[in-house]
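Heads up, the sequence shown is in UniProt numbering, so the first residue is 1 and it goes up one at a time.
Read the hints as simulated data drawn from the structure, not as lab findings. Even glycine gets a Cβ: it sits at the ideal position worked out from N, Cα and C. There may be inaccurate statements among the hints.
[Stated by the list, open to error] When the alpha-carbon atoms are kept at most 25 Å apart in a straight line, the in silico SDA-like pairs for lysine to any residue are as follows:
{"no.": "1", "residue 1": "K13", "residue 2": "G43"}
{"no.": "2", "residue 1": "K13", "residue 2": "Q57"}
{"no.": "3", "residue 1": "K13", "residue 2": "R47"}
{"no.": "4", "residue 1": "K13", "residue 2": "D59"}
{"no.": "5", "residue 1": "K15", "residue 2": "L3"}
[Unchecked claim] Computed beta-carbon distance windows for the label pairs:
{"no.": "6", "residue 1": "S50", "residue 2": "R10", "range": "14 to 24 Å"}
{"no.": "7", "residue 1": "E27", "residue 2": "G60", "range": "33 to 43 Å"}
{"no.": "8", "residue 1": "A37", "residue 2": "R64", "range": "12 to 22 Å"}
{"no.": "9", "residue 1": "E27", "residue 2": "Q61", "range": "30 to 40 Å"}
{"no.": "10", "residue 1": "G40", "residue 2": "Y68", "range": "17 to 27 Å"}
{"no.": "11", "residue 1": "R24", "residue 2": "E54", "range": "31 to 41 Å"}
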Amino acid sequence: MSLIRPGIYRHFKGKEYRVLYIARHSETLEDMVVYQALYGEMGIWVRPASMWDEMVQRDGQTFRRFEYIGE
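With the hints as constraints, model all of the structure from the sequences given.
Written out as structure tokens, the structure is:
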């Protein structure tokens with residue numbers, strides 16, 4: 001897994017999000033990404049770090065689910 005650090009990321013579908021923290025699940029100890037949408041209601045979300053960092057396929061192309069774009 002690559003380093004997931006606080007900052008702004010672009011989802012492979014185009015919307016932007018800010019990673020706020022890396023947290024640990026209290027039962028499984030799995031790393032979780034706490035992030036905020038930078039559009040709409042600006043909701044706060046949690047996603048497993050392994051899913052944040054995975055590669056996805058769409059229309060025959062492979063993308064990183066979230067790409068770091070800066071502070």
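Taking the hints in turn, this is what the structure says about them:
no., hint, verdict
1, K13 / G43, "holds (17 Å)"
2, K13 / Q57, "holds (11 Å)"
3, K13 / R47, "holds (16 Å)"
4, K13 / D59, "holds (12 Å)"
5, K15 / L3, "holds (21 Å)"
6, S50 / R10: 14 to 24 Å, "holds (19 Å)"
7, E27 / G60: 33 to 43 Å, "holds (38 Å)"
8, A37 / R64: 12 to 22 Å, "holds (18 Å)"
9, E27 / Q61: 30 to 40 Å, "holds (36 Å)"
10, G40 / Y68: 17 to 27 Å, "holds (21 Å)"
11, R24 / E54: 31 to 41 Å, "violated (19 Å)"
Violated hint: 11 only; the structure is consistent with all others.
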